[in-house]
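Undergrad: Chain residues, written in single-letter form:
Protein chains: 2
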Amino acid sequence: MQSQPTPRKPVLIVGSIGLDTIETPFGVVEEVLGGAASYASTAASFFSEVRMVGVIGEDFPAEHLEYLHGREIDLTGVQRAPGKTFRWNGFYEFDMNQAHTLATHLNVFEHFRPTIPPAYADTPYVFLANIDPDLQLAVLDQVTSPKFVLADTMNFWIDGKRDQVLEVFKRVDAVTLNDAEARQLCDTTSLVNAGRQLLNMGPKVVIIKKGEHGALLFTQRDYFATPSFPLEEVHDPTGAGDTFAGGVIGYLAFTDSIAAETIRKAIVYGTVLASYTVEDFSLHRLSRLELGEVMVRYAEMRRITAFAE
Amino acid sequence: MQSQPTPRKPVLIVGSIGLDTIETPFGVVEEVLGGAASYASTAASFFSEVRMVGVIGEDFPAEHLEYLHGREIDLTGVQRAPGKTFRWNGFYEFDMNQAHTLATHLNVFEHFRPTIPPAYADTPYVFLANIDPDLQLAVLDQVTSPKFVLADTMNFWIDGKRDQVLEVFKRVDAVTLNDAEARQLCDTTSLVNAGRQLLNMGPKVVIIKKGEHGALLFTQRDYFATPSFPLEEVHDPTGAGDTFAGGVIGYLAFTDSIAAETIRKAIVYGTVLASYTVEDFSLHRLSRLELGEVMVRYAEMRRITAFAE
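Going down the list, the sequences are from chains A and B. Residue 444 is where the first sequence starts when you use the numbering used here, and the numbers rise one by one after that. Residue 444 is where the second sequence starts when you use the numbering used here, and the numbers rise one by one after that.
It is worth saying that the hints were derived from the structure and are not from the lab. Please read all numbers here as calculations on a predicted model, not as lab measurements. Just so you know, not all the hints are guaranteed correct.
Same chains, same names: a pair is fine if it fits in one copy or spans any two.
Stated by the list, open to error - Calculated cross-link-like contacts (lysine to aspartate or glutamate; reagent style EDC-like; alpha-carbon spacing at most 20 Å):
{"no.": "1", "residue 1": "Lys647", "residue 2": "Glu675"}
{"no.": "2", "residue 1": "Lys613", "residue 2": "Asp577"}
{"no.": "3", "residue 1": "Lys613", "residue 2": "Asp630"}
{"no.": "4", "residue 1": "Lys708", "residue 2": "Glu743"}
Using the sequences and the accompanying hints, generate a full structural model.
TA: This is how it looks when you write it as structure tokens:
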């Protein structure tokens with residue numbers, strides 16, 4: 444991958460930036476950097492130039508901005524608004540698949556209206572992280588013929604703004620949902636059936652995230668299944684899905700390709716990046732991760748999934 | 444596979460033979476052929492000569508014996524005992540991952556003591572399906588230095604006869620458990636951790652079955668993860684795990700190899716056979732399945748899991 448020059452197109456990432464307080468069986472962290480855009484942008488930055496759009500409050504620590512800036516993430520689109528930064532307080536018990544929310548303080552995020560800086564409007568690769576689908580639609584109105592838009596959502600919006608979620612799905616190239624969300628939206632227990640239904644809602648590419656069980660890719664012509672990278676311990680699953688999506692969009696931009704084979708590789712790179720995220724709290728592991736380590740686990744993914752004819 | 448002559452060693456399969464009454468969202472069947480040994484023997488018979496050991500009652504329909512005999516399954520070890528055949532009555536709701544038992548009538552199975560016919564004692568490949576671990580140990584006492592023994596168990600025995608289950612694990616080469624059983628036995632939510640713990644209990648090979656999420660293989664040197672074969676509908680999941688295990692042991696016997704690469708292939712063949720089992724009730728689909736269809740889905744498994752360097 445490193446050996447050949449590539450097009451390396453930029454990526455636009457729109458989503459939450461927050462301060463998380465999290466408890467897991469492995470410890471507690473307070474007011475650490477979180478939010479979907481933080482995880483996704485960090486992941487995408489391994490492969491491509493990232494343009495981040497989000498909102499922070501007056502209290503957002505300078506060190507986090509320095510960290511993001513240090514990853515060469517373009518922060519022109521990060522607005523600083525009067526008030527406090529978005530905060531999430533949650534915990535995980537023995538079963539790390541289930542996040543429990545103690546408190547969500549939207550703060551400046553409550554009145555967030557994403558404004559895409561004019562210089563970003565023609566960004567070819569876009570990731571709309573999980574935010575209000577009305578805001579996702581507002582972003583789509585501000586970008587000019589992107590090559591590939593990936594959107595995420597969550598059960599809260601599927602319940603409360605189903606029509607708008609479906610409108611987003613009609614207007615993007617790809618969607619990523621976790622397994623429970625896919626089952627909920629499609630009213631089926633079969634993820635294969637859900638994948639087919641989701642394709643019929645508009646997107647050409649559907650990716651269902653299954654946490655420890657890996658991910659599934661559906662297109663009209665292709666189906667791909669990958670396991671997760673095997674870990675004996677997950678210290679904090681927060682941000683795994685956003686890391687995954689950021690890795691996917693970042694790798695597609697890096698190769699400037701949405702060929703079926705490239706999407707498969709992007710999904711495995713996303714899987715690998717997510718496996719590092721969950722090894723520590725917040726972006727602690729990802730922030731000290733090197734591309735060489737990513738390549739090692741990518742190669743390992745090939746070994747653990749291979750079988751002969 | 445068909446193009447080369449192979450050693451094709453026989454397989455000994457010990458387990459339940461029963462008559463099932465099952466309701467799923469796709470229909471109801473009454474008193475159909477069931478039991479772990481029936482599924483596993485049918486699956487193994489695609490690859491190898493099968494020697495089946497179990498018990499049936501006086502009421503066991505001749506047609507089922509004819510069916511098994513027609514698959515060239517050796518029924519010398521199937522005892523007919525006074526009384527009625529083992530019966531299971533269960534249903535599945537919308538979530539097909541969860542079987543609900545309405546009634547279990549052990550009948551002749553209650554006093555079943557497996558007797559291995561002398562001519563079977565040196566069978567090189569053995570599958571001990573899910574029965575009382577004391578009976579599994581009794582079988583191990585009757586076989587003479589088998590090359591490879593695979594054992595299954597279930598939550599009922601892990602709860603009630605944990606020490607005997609662990610004794611079985613010490614004496615066999617391989618175990619197969621579903622994900623819930625692995626977590627239960629190892630007191631962990633991490634299947635990777637459970638796999639490592641299970642290896643430390645004795646077996647050289649551990650296979651964790653995850654239903655729709657595929658299977659994981661653990662050895663001291665190897666780790667392998669495969670997804671399931673994608674199906675939009677599962678008509679009846681009964682027997683999937685036993686079909687899987689039968690396919691695994693049958694393929695190992697067919698190649699007379701327990702090399703890491705062969706075990707991976709065996710797991711994929713088991714996965715493919717199980718995908719056919721769940722397409723219909725009982726052994727309806729498996730009984731009309733042809734080896735060519737198995738090969739087609741095997742090739743498809745390679746396509747859906749492949750990704751480039």
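Undergrad: Now tell me, hint by hint, if it's right for this structure.
TA: Hint check:
Taking identical chains as interchangeable, the C-alpha atoms of Lys647 and Glu675 lie at most 20 Å apart only when they sit on different chains, with a minimum of 19 Å there against 35 Å within one chain. Only within a single protomer do Lys613 and Asp577 lie at most 20 Å apart by alpha-carbon distance; the minimum there is 13 Å, versus 59 Å between protomers. Taking CA atoms no more than 20 Å apart as the test, Lys613 paired with Asp630 passes inside one copy only; the shortest distance there is 19 Å, against 44 Å between copies. In this assembly of identical chains, Lys708 and Glu743 lie within 20 Å of each other by CA distance both inside one copy and across copies; the values are 13 Å within and 18 Å between.
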